[in-house]
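*Asks:* Please model the complete structure; the sequences and the hints are all you need to start from.
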Amino acid sequence: MPLLRAQRDPRFDQPFVRLGGVFKFWLGQWKHPRYKFAGTLHILIFAGFILLALRAFTVLIVGVSQNFVMPGLSGRTGEIYDLVTDYAATVVFLCMVVAAGRRLIFKPARYALPAKYGKGHTADAVFLLGLIALLMVADSLFAASRSAGHLQQGQPAEALAALSLPWMLQIAIGSMPLATLRELNVGAYLVHEIAFYFLLCYRPFGIQFHVETSLFSIYFSKLERGTLKPVRWGVSDEHLDQVKSFGVKTFEDFTWKHMLDFYSCADCGRCADNCPANTVGRPLAPRFLTTKARDYVFQHYPVSGKANNGKPLIGNVYSEDEIWSCTTCGACEEECPLLVEYIDKIVDLRRGMIDDGNVPQSLQKPLKALESRGNPYGKIEKKRGDWAKTPEFLQDNKVKVLDGKNGADTLYFVDSITSYDDRMQSIGRATARILTRLGKNFGILGAAERDSGHEVRRFGEEMLFTALRDHNTEAIKASGVQRIVTADPHAFNALKHDYKDVPPVEHISQVLAREARAGNLRFNAADNWLENRDRVYAYHDPCYLGRHNQVYDDPRDVLDAIPGLHRVEMKRSRDRSFCCGGGGLMLFYEPKEEQRMGVVRVRMAAEAGANVIVTACPFCMVNVEDAIKVAGMEGKMSVIDLAEVVDQHMVCEGGPAQTEKLEAATVGG
Amino acid sequence: MPRIFAYIVHRGGVVDDSAAELVAAAKKIDATVAPTAILTGSGPELETACSAVGSGFGEIWKVANAALAYPNAELVRQALVRVLPPGSIVLVNHDHFGIDLSPGLSIKLDSVFASDVLAIDGIEGNSLKLVRQEFGGQVNAHLRCDISSGAVINVRPGAFKPQANLPAAGAVVDKSSEVGTLVARRRYLETIVAEAGDVDITKHSVLVSIGRGIQEKDNVALAEELAEVLGAAVSCSRPVVDAKWMPKSRQVGSSGKTVKPKVYLACGISGAFQHLAGIKGSPFLIAINKNPKAPIFQVADVGIVDDLLEFLPELNNKARELRGVAAK
Amino acid sequence: MEILVCARRVPDASENEIELNIAGNDIEREEFVYSVNEADNYAVEEALQIRDRVGGNVTVVTVDGEEGEEILRRELAMGANQAALVSDEAFNGSDGEGVATILKAFVQKGHYHLILTGVQADDGAAQVGGMLAAMLDYPFASLVNSISVEEGKLKVSREIEGGNKEMNEIDLPCVLSIQTGINEPRYVGMRGIRQVASVPIPTSTAADLGVDHGAVGEAAAKVKRVDYFVPAASKGAEMLHGSREENADKVLELVAAKGGLK
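Protein sequences appear in the order of chains C, P and H.
With our numbering applied, the first sequence corresponds to residues 1 to 669, in that order.
With our numbering applied, the second sequence corresponds to residues 1 to 328, in that order.
With our numbering applied, the third sequence corresponds to residues 1 to 262, in that order.
There may be inaccurate statements among the hints.
[Unchecked claim] Derived, one-sided and incomplete: chain H residues facing chain P with beta-carbon distance under 7 Å:
1. 18
2. 22
3. 122
4. 181
5. 184
6. 227
7. 239
8. 251
9. 253
[To be verified] Pairwise CB distance ranges (calculated):
10. C:295 / H:30: 52 to 60 Å
11. H:21 / P:123: 24 to 32 Å
12. P:163 / H:20: 51 to 59 Å
These are calculated hints, taken from the structure and not from any lab test.
Using N, Cα and C, we set each Cβ at its ideal position, and we do this for glycine too.
*Replies:* Written as structure tokens, this is what we have:
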């Protein structure tokens, strides 16, 4: 078994939390209702299976010892159990019919398999559904024929639940001669056992293996959000130099849990359905990462025969573009009912490619710039704090640089794009103004700050990330701050999860929400400041603020605190938010796609009736602004950052809020 | 004063403006002297070239040899070393041939080499005073070269304006016999012509040209949109081709195509010399660049300091309005 | 095949701002980041690809002070087999011919079939490769954008005008100067560089190579830079200072006026 050759993966900690997860996701089928119809079907089937488990074993043993009764299920309890399971079998049977019909007639798109990946899985799926249906019929027939037989013989008969399948079958066969009934009984029994055991043996080879592995895949699932697995578990940063090969290059480089994931996937396609890369036609769909790996492992680790292994994955199983296409938005992991992990696998594959020097040319330049200048644009370090020094801004504001001479209790971590990009610098200035007006004692690191390294790490350049992180950590510690605030969700996630030993960090929306709840935030009415009263705002959840860190309500509460601000929700919001296209290094990568993620998102906003998109992430801002132009929607849609909206409406002592002329923010301007 | 020679490149017997530019450069070294033209080649093509060198030259040295029919720098160098008097000053056009020929030639002649020279400020004692550019044209440098044992000087095309009213060229002197046997350790095989591609930028009178400032492949569409509305074509500079955002057939420059449009919009192009070298005929040059210090603003007629990615969409909108074309 | 690549450490073109220093005699170098000259990097990648195709060894050499080790390590991390630093105070201030003289002495201490350099560096002179070839009396080809190996010789194409390619056959041993865009250089990550951080890089001095002090260094340089200057803006462009809208209108006006709109 390949799991024996896999890398280690410590998943045995926090047993109570893990058990809790099992209750919520396995027993409670927590993720399933996200797709209402299929989810309901599955919940019914799952409940049915659980209930029927004991009955199935009872039937088996009854074949050997006729009067066997499962311990604990004698008498009244047993009768109730039998009635309940009669209905369970009926429901499962009906679900099988519906599911098969769905597969054959309605063919939901997410089940489709592109031709290049082989034949579709529909035949396999319908076969399995048929088998389970057969199992239910056999079970029902067994009970029906036994009951009918006893009735005919005048013996006490088991009561069958009214309108259940066994009940209906009993009516159908009740008047048959005893001998036939006996044959039916034996026949049903045999069919039941054969089907049951066949399924047991067949399941590991297909999508139904999740029946067995789901408990384990959920128990051992990843507990923390937003983090990444280290290059190798058990190897600390200082010893990384001794690791011979970074990342995943061959199948055996995966950890055992990742391999388990490949076996567990039920091929339901929910991940790919929500994957923004897949939606825009990039070569990536998470589901196929798993199915291709599964095909590989079946081929190379056959039940009988020698394992042949060690072939490189990139180029044979996966394509390079497939792996670089991922924006790490996490939609796939959010959907998966089995809690299969994808981001760690993709990062590991990228680590492997980087180790081999296999990096797209478009990414080499920003990576090199990050190494020499600490930012992907190649701009000079000493100008990093210049955004806070424009003459207009300096008239009324002064931002402290924490360089040893100045101290503060809060650090505003600006990060690269807000520091250097002409447009994003206004987010920096807006945030600084907000912090000043809230009376926060804050400063910036200025030239001592380097890129947070968030995307550097997720693109697989672990050592460069470590260098950036160590530099920043030292600078942060030297500044003596007690807490960190940032307006950049990627920096937020990095400081929170990738960095160690730094003060607690918050996103500006969290700070604002808290101040709003405490009553410290006063706003002018929206209408006074806007030229156009028909502004409809839609908040776009940035992936690294929303999905990965579950900050959904704070930004909304802040917007709702502005009187008169009309806000709508897009269909895809909160944890179903659709990635704008990605941040950090993803801005430099040139994907093969049919359209841009940003364009898809802008159209979603228009569909929701909005004409202003509010984001809380500078990368979302870049992507959405670009997308508005590409989609030709200038004049009909605009985008603004949360900090800028607050800045525009915030009341401060001594007069109206100073705002910055934001050409992009005014509709029709 | 050492003798001044100008090596004249000819293609199929045709001599271009570079010959006159070399005369102008020679005059900057010594205004009193008419340089000697020196040409290599073979057969009737060489004869035609010799008679087409243009005015301003003194003698015309003809070096004919079958092996020199195609201008192979390795062989030309050997020939020149045998024919040129020691201590000569040799002027060569700084193009792909000059790059190939001159450094090695200077070693074999035991002379100093000055590459890609922009201006010559005369002689002081044994030193020739020159101006070169560095860092892609962002700074200039004053140099002095010791010409006591001669010099090979590569002259930047277009840097020296041809003079008018020069006396006609002198007589042709046949130096072929001094060549001797040439050893060909590099042999010319053939020339593969670049694919024509769908658009021939040399035939368009308006070009929307993009450079590194376009930043990503997707943004090329902005330029294409503008070109479509204006009835122009999109051309580009080298980095755009290196990044594979446009095919080689669209490249303007010394290693790309030479274009002669009426109007040239340089968008996000810094103005490196190799690119400008491909623009002939002094079109009206409008430059858009984020960097106010970009060298392109020195040669442009009109300049706008703005972010290309913001300006182009605006320009597209206005152009569509102007033409009455609906927005996409 | 024994391949030698001559590389140079230069200020990184895209990540530095070029300005004159206060004294006005040089550019301000204090904040510079340096890297291997772009064309040289393409040359190393080409050498690695040739080696991987036909077997052999790739050595990267640079003439520099100790700082030169930085780029040598980078090329080692990229996959070169050996690196060599040629350093001596006597070499300071050498012009192109001086550098070629030094490299010639280095080449003659070894046995190389193929010597590659980048076409040109930040000073745009494009000279060292050609000079080195002439000093060694090896055949030379510049602006090479493709190489294929045959028995005892190479088939190379040179980039000439119009994007055309001049196909040549060249005998070994030879010197080639490589044009950018010939290939896609592989990525060198921080990890790769750390792995070669302690690989010893042999240094050769003038004495080691038998280089005559009189032939190199500042005194021997026949080309000397006097100063840097920024050319007077002379005519230059007429800059438009209106709003973006106004500028766009003006551009269209001019295009039409100059005969651009049909």
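*Asks:* Any CB of chain P closer than 7 Å to the CB of residue 122 of chain H?
*Replies:* Holds - the Cβ of residue 122 of chain H comes within 7 Å of chain P, reaching about 6 Å at its closest.
*Asks:* Hold the hint about residue 18 of chain H up to the distance rule: shortest CB distance to chain P must be less than 7 Å.
*Replies:* 4 Å, holds
*Asks:* Hint residue 251 of chain H vs chain P: min CB-CB distance below 7 Å?
*Replies:* Holds: closest Cβ of chain P sits about 6 Å from residue 251 of chain H, inside 7 Å.
*Asks:* Go through the hint on residue 22 of chain H and say holds or violated, using the shortest Cβ distance to chain P against 7 Å.
*Replies:* Violated. Min distance 15 Å.
*Asks:* When the nearest CB of chain P is found for residue 239 of chain H, is that gap smaller than 7 Å?
*Replies:* 5 Å, holds
*Asks:* Does residue 227 of chain H hold up as a contact with chain P if the rule is Cβ-Cβ below 7 Å?
*Replies:* 5 Å, holds
*Asks:* CB of residue 163 of chain P to CB of residue 20 of chain H, is that within 51 to 59 Å?
*Replies:* 33 Å, violated
*Asks:* For the range 52 to 60 Å, tell me whether the beta carbons of residue 295 of chain C and residue 30 of chain H fit it or not.
*Replies:* Since residue 295 of chain C and residue 30 of chain H have Cβ atoms about 57 Å apart, the given range 52 to 60 Å holds.
*Asks:* Should the hint that residue 253 of chain H touches chain P count as held when the rule is a Cβ pair under 7 Å?
*Replies:* With a minimum Cβ separation of about 9 Å from chain P (threshold 7 Å), the hint on residue 253 of chain H is violated.
*Asks:* Please verify that hint: residue 181 of chain H, Cβ, nearest Cβ of chain P, below 7 Å or not.
*Replies:* With a minimum Cβ separation of about 4 Å from chain P (threshold 7 Å), the hint on residue 181 of chain H holds.
*Asks:* Taking the least C-beta to C-beta distance, is residue 184 of chain H closer than 7 Å to chain P?
*Replies:* Violated - the Cβ of residue 184 of chain H stays beyond 7 Å from chain P, reaching only about 9 Å at its closest.
*Asks:* Does the hinted range 24 to 32 Å hold for residue 21 of chain H and residue 123 of chain P at CB?
*Replies:* 29 Å, holds
Of the numbered hints listed earlier, those contradicted by the structure are 2, 5, 9 and 12.
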